[in-house]
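Chains as they are written, first to last, in my numbering: chain A, 1 to 317; chain B, 1 to 262.
Hints were generated in silico from the structure; no laboratory data involved.
C-beta: ideal position from N, C-alpha, C; glycine also.
Just so you know, not all the hints are guaranteed correct.
[To be verified] Interface residues of chain B toward chain A, partial, derived using beta-carbon atoms under 7 angstroms:
1) Cys66
2) Glu102
3) Val132
4) Ser133
5) Glu168
6) Ile173
7) Glu174
8) Leu223
9) Asp227
10) Trp240
11) Val260
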Amino acid sequence: MTDVLAVTDHRRGELRDVSYEIITAGRQLADETGGDLHLAVVSGTVNEFAEELNREGVDAIHTVDHGKEFNHDVYTQAITQLYDELAPQYVLAPNSVNGLDYAPAVATELELPIVTDTIDLETDGDTLIATREMYGGKVETTNELEGSAVVTIRGAEWPAAEGTGDASIETFDATIDEDAIGSTVNGFEEVGGGDVDISEADVLVSVGRGIEEEENLPIIEELADALDATVSSSRPIVDNGWLPKNRQVGQSGKVVTPDVYIAIGISGAVQHVAGMKGSDTIVAINTDPNAPIMDIADYAIVDDLFDVVPALTEEFQ
Amino acid sequence: MRVLVTAKEVLTVEDKFEVEETTIADQYLNRDLNEWDSYAVEEAVQLQEAGIVDEVVAVTIGPEECEETIRQVLAKGADRAVRIWDDSLEDVDLLDVGAKTEILSAVIEEEDPDLVLTGVQAGDDSFGATGVSVAEEIGYQWGAVVNHLEHDLEDAASVRRELEGGVEELTDIELPAVLTIQTGINEPRYASLRGIRQAQRKELDVKALADLDVDESVIESELELTDMYEPESESDVTTWEGSPEETAAELGDLLRDKGVAP
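Could you build all of it, start to finish, from the sequences and the hints given here?
And the structure:
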């Protein structure tokens, strides 16, 4: 039997979407050999979270009522203790920023292997077959490991669990060693409010690494002017300081849903796609016909942006 | 105060490539300093320039061919480097998090730094787990996905962690600590000519696993890479063909049809 312990994610009083997706992933693994799915809910308003997480397929929900917000030491201690108590085959955690802040520590503490950012999983009870990407998404790989493991799952790869469940909700009395807590969260800050809210724009002209140099940005701005659109970007443009943080579309930036999203010189890394896939119509301008952005684009021009963008600007002038 | 920074030479893949069993054919691969590590190196050098840190030590796991990349790190300002390699690592397809943790932890125990900076992840294998795993192994504190570090380190590091959705967490982390560094935290410098000349004279120590008292068995990865393939495209994209003027006209028509262009 393959019992699974899946750890949920929340922030500032709200469960994050991956908490429902990890139920689906965990249920699938447990089903493959007839095991149980246990959820862990650590810190915050655990009882409210537990009620919300009681969806179809969950066998038991273990709440650890300690602290308001995420602290990796509390998570690490609580989850290793839950593992010792429940002896599951697999510990699943989200491949979120916080997941990556405790899951590797849990694996090390328990002397288990860890496989991160998985996009598909299967098991026969002894062997886990995990699918993950390498080289920035250019290839997929399958990886096998025997025995017990800590596994992190990528968000939005499994559908969110639905329906109402009949899980038992149990308080887990973890022994948290306060002296071992070496970090203190002092608060949160929203970044990049600024002058423009790209999440409000109807048309986004979005620029990526393909623009090559900051000196080339004006051709994008001219197109945006001609279209009365707003300029946004992928992460490298903001990392380089060419545009402010409030223009960044993606997992760590803004989620946008414009009528038209024109992705110029953007390859379409998964973190970027997470922020713009809800756009009504997606147009990609890119020299690489195999760039991941083509998988979600509705229309594409496979050509040099330095030729196409000025031609398009001219269309509207 | 001593900072240890991990610097990995990663493989990057050209747009078009071929897979041979569980690797990408060599002619489609290039070698470069891991992008995330280049930000970690810059942060370490800035701490040294601010007078907070006395010594920056770069550490890598890699064969002799990666020394050019490590010299780049020395040219950017690291004081010395340690390269770990072993014949037993020669044929390893995938060095997993556990193996890297054992090897890097042995170096850290020997060097005894106050702060360890690593990239959030490596651009090739993308695990994103080694820094936190190492911290737990050696009993350091840690912070993952740091995109700001206050340069007045004493007993603690004040950092910002970049959460999803444009939210940052402000956190104090006791030292010694491992921080995994996110891109965008700074602007990595290019090595100056003077730096490149100086780098040739800097110490680059090479160590085998036995020198670190690490047993060869650690590299027997528990994770076995069994297949590699190009992901199937799920694309149903309409691709416009023609000259830039023609394709721009197609896109122009679409935008006018949608009522979003003049």
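Okay, the hints, checked on the actual structure:
Annotation: Cys66 of chain B was flagged as interfacial toward chain A, and the flag is violated, the nearest CB pair being 17 angstroms apart, outside 7 angstroms. Against a cut-off of 7 angstroms between C-beta atoms, the interface hint on Glu102 of chain B is violated, since the closest Cβ of chain A lies about 10 angstroms away. At a threshold of 7 angstroms, the smallest CB-CB gap from Val132 of chain B to chain A is about 4 angstroms, leaving the interface hint in force. Checking Ser133 of chain B against chain A: minimum C-beta separation of about 4 angstroms stays under 7 angstroms; hint holds.
A distance limit of 7 angstroms between C-beta atoms decides the matter here; for Glu168 of chain B the minimum to chain A is near 5 angstroms, and the interface restraint holds. Because the beta carbon of Ile173 of chain B sits about 4 angstroms from the nearest beta carbon in chain A, less than 7 angstroms, this interface hint is met. Satisfaction of the interface hint for Glu174 of chain B is found here, the shortest Cβ-Cβ separation to chain A being roughly 4 angstroms, below the 7 angstroms cut-off. The beta carbon of Leu223 of chain B comes within 5 angstroms of a beta carbon in chain A, closer than 7 angstroms, and the hint placing it at the interface holds.
Proximity of Asp227 of chain B to chain A holds as hinted, the smallest CB-CB distance being about 4 angstroms (cut-off 7 angstroms). Annotation: Trp240 of chain B was flagged as interfacial toward chain A, and the flag holds, the nearest CB pair being 5 angstroms apart, inside 7 angstroms. Interface hint status for Val260 of chain B: upheld, as the beta-carbon distance to the closest one in chain A is roughly 5 angstroms, under 7 angstroms.
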